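Asker: Chain by chain, the residues run as shown.
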Amino acid sequence: TQLLEQSPQFLSIQEGENLTVYCNSSSVFSSLQWYRQEPGEGPVLLVTVVTGGEVKKLKRLTFQFGDARKDSSLHITAAQPGDTGLYLCAGAAGGGADGLTFGKGTHLIIQP
Amino acid sequence: NAGVTQTPKFQVLKTGQSMTLQCAQDMNHEYMSWYRQDPGMGLRLIHYSVGAGITDQGEVPNGYNVSRSTTEDFPLRLLSAAPSQTSVYFCASSWTYRADQPQHFGDGTRLSIL
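Those protein sequences? They're chains P and E, same order as listed.
In this text, residue positions in the first sequence follow the working numbering: the first is 1, and each later residue adds one.
In this text, residue positions in the second sequence follow the working numbering: the first is 1, and each later residue adds one.
Everything labelled a hint here was simulated from the structure, so no lab data went into it.
Here the structure is a predicted model, which means the values were calculated and not measured.
Misleading hints may appear alongside valid ones.
Unchecked claim - Calculated pairs, SDA-like style, for lysine to any residue (alpha carbon to alpha carbon, straight line, at most 20 Å):
{"#": "1", "chain 1": "P", "residue 1": "Lys70", "chain 2": "E", "residue 2": "Lys14"}
{"#": "2", "chain 1": "E", "residue 1": "Lys9", "chain 2": "P", "residue 2": "Gly40"}
{"#": "3", "chain 1": "P", "residue 1": "Lys57", "chain 2": "P", "residue 2": "Thr20"}
{"#": "4", "chain 1": "E", "residue 1": "Lys14", "chain 2": "E", "residue 2": "Ser84"}
{"#": "5", "chain 1": "P", "residue 1": "Lys59", "chain 2": "P", "residue 2": "Ile109"}
{"#": "6", "chain 1": "P", "residue 1": "Lys59", "chain 2": "P", "residue 2": "Gly85"}
{"#": "7", "chain 1": "E", "residue 1": "Lys9", "chain 2": "P", "residue 2": "Gln37"}
{"#": "8", "chain 1": "P", "residue 1": "Lys59", "chain 2": "P", "residue 2": "Thr48"}
{"#": "9", "chain 1": "P", "residue 1": "Lys70", "chain 2": "P", "residue 2": "Asp98"}
{"#": "10", "chain 1": "E", "residue 1": "Lys9", "chain 2": "P", "residue 2": "Lys56"}
{"#": "11", "chain 1": "P", "residue 1": "Lys57", "chain 2": "P", "residue 2": "Val44"}
{"#": "12", "chain 1": "P", "residue 1": "Lys57", "chain 2": "E", "residue 2": "Pro102"}
{"#": "13", "chain 1": "E", "residue 1": "Lys14", "chain 2": "E", "residue 2": "Ala82"}
{"#": "14", "chain 1": "E", "residue 1": "Lys9", "chain 2": "E", "residue 2": "Gln85"}
{"#": "15", "chain 1": "E", "residue 1": "Lys9", "chain 2": "P", "residue 2": "Glu41"}
{"#": "16", "chain 1": "E", "residue 1": "Lys9", "chain 2": "E", "residue 2": "Glu59"}
{"#": "17", "chain 1": "P", "residue 1": "Lys59", "chain 2": "P", "residue 2": "Ala78"}
{"#": "18", "chain 1": "E", "residue 1": "Lys9", "chain 2": "E", "residue 2": "Leu111"}
{"#": "19", "chain 1": "P", "residue 1": "Lys56", "chain 2": "E", "residue 2": "Pro102"}
{"#": "20", "chain 1": "P", "residue 1": "Lys70", "chain 2": "P", "residue 2": "Thr48"}
{"#": "21", "chain 1": "E", "residue 1": "Lys9", "chain 2": "P", "residue 2": "Val44"}
{"#": "22", "chain 1": "P", "residue 1": "Lys56", "chain 2": "P", "residue 2": "Asp98"}
{"#": "23", "chain 1": "E", "residue 1": "Lys9", "chain 2": "P", "residue 2": "Ala78"}
{"#": "24", "chain 1": "E", "residue 1": "Lys14", "chain 2": "E", "residue 2": "Asp73"}
{"#": "25", "chain 1": "P", "residue 1": "Lys56", "chain 2": "P", "residue 2": "Pro39"}
{"#": "26", "chain 1": "E", "residue 1": "Lys9", "chain 2": "E", "residue 2": "Pro102"}
{"#": "27", "chain 1": "P", "residue 1": "Lys56", "chain 2": "P", "residue 2": "Gly40"}
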């Protein structure tokens with residue numbers, strides 16, 4: 001069974017601060033996705049990273065896939081209250097149909 | 001464009017009762033799946049389907065049945081509800097069966113088993 005460990009589990013910071021969320025595994029993934037989930041709603045895809053070492057930017061969010069494709073990080077610059085939510089990483093082991101392996105998530109609270 | 005629609009949004013059952021959670025998508029997606037989300041456990045795959053008439057088991061299939069008679073619908077059946085099945089259930093769909101495709105999730109069904 002492939003596992004994805006996310007850290008930290010909980011993070012509460014002030015508006016304007018920077019933060020990084022980590023997603024680590026001992027297994028290799030063919031791709032990794034980051035989702036954001038708000039209370040009472042389903043996860044919404046933020047980004048998919050496929051190539052080892054790949055960096056993708058989405059406004060103030062920067063996503064990186066590790067060179068060995070075993071880990072990923074999400075960095076938020078100048079966090080805003082609207083960034084509050086549950087951030088989930090999810091890995092695909094290959095091209096198969098047996099779904100994604102999800103991390104347990106990082107609960108992020110940005111205080112005004 | 002409704003996307004993925006799940007009904008009901010909330011449900012309370014007694015132990016031993018059966019019920020069906022409905023999931024419908026209007027994006028003509030081939031791949032559909034069911035996950036359950038529990039505190040401290042993350043999202044875990046229950047069953048999935050790569051197309052109409054084809055279903056398979058995920059990580060935690062026991063106590064659940066699925067069928068896929070049409071491309072649009074993928075209902076999840078609880079055969080005899082148990083308190084351990086108290087959870088939030090999410091249906092997801094994507095264009096193809098490849099797990100690296102973006103998954104589109106519904107807003108979930110919150111199920112309590114007493």
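Asker: Now look at each hint and say whether the structure bears it out.
Answerer: Results for each hint:
no.: 1; hint: P:Lys70 with E:Lys14; in the structure: violated, 43 Å
no.: 2; hint: E:Lys9 with P:Gly40; in the structure: holds, 9 Å
no.: 3; hint: P:Lys57 with P:Thr20; in the structure: holds, 14 Å
no.: 4; hint: E:Lys14 with E:Ser84; in the structure: holds, 12 Å
no.: 5; hint: P:Lys59 with P:Ile109; in the structure: holds, 19 Å
no.: 6; hint: P:Lys59 with P:Gly85; in the structure: holds, 17 Å
no.: 7; hint: E:Lys9 with P:Gln37; in the structure: holds, 16 Å
no.: 8; hint: P:Lys59 with P:Thr48; in the structure: holds, 15 Å
no.: 9; hint: P:Lys70 with P:Asp98; in the structure: holds, 19 Å
no.: 10; hint: E:Lys9 with P:Lys56; in the structure: violated, 35 Å
no.: 11; hint: P:Lys57 with P:Val44; in the structure: holds, 16 Å
no.: 12; hint: P:Lys57 with E:Pro102; in the structure: holds, 17 Å
no.: 13; hint: E:Lys14 with E:Ala82; in the structure: holds, 8 Å
no.: 14; hint: E:Lys9 with E:Gln85; in the structure: holds, 16 Å
no.: 15; hint: E:Lys9 with P:Glu41; in the structure: holds, 10 Å
no.: 16; hint: E:Lys9 with E:Glu59; in the structure: violated, 24 Å
no.: 17; hint: P:Lys59 with P:Ala78; in the structure: holds, 11 Å
no.: 18; hint: E:Lys9 with E:Leu111; in the structure: holds, 8 Å
no.: 19; hint: P:Lys56 with E:Pro102; in the structure: holds, 16 Å
no.: 20; hint: P:Lys70 with P:Thr48; in the structure: holds, 14 Å
no.: 21; hint: E:Lys9 with P:Val44; in the structure: holds, 18 Å
no.: 22; hint: P:Lys56 with P:Asp98; in the structure: violated, 26 Å
no.: 23; hint: E:Lys9 with P:Ala78; in the structure: violated, 35 Å
no.: 24; hint: E:Lys14 with E:Asp73; in the structure: violated, 26 Å
no.: 25; hint: P:Lys56 with P:Pro39; in the structure: violated, 26 Å
no.: 26; hint: E:Lys9 with E:Pro102; in the structure: violated, 23 Å
no.: 27; hint: P:Lys56 with P:Gly40; in the structure: violated, 28 Å
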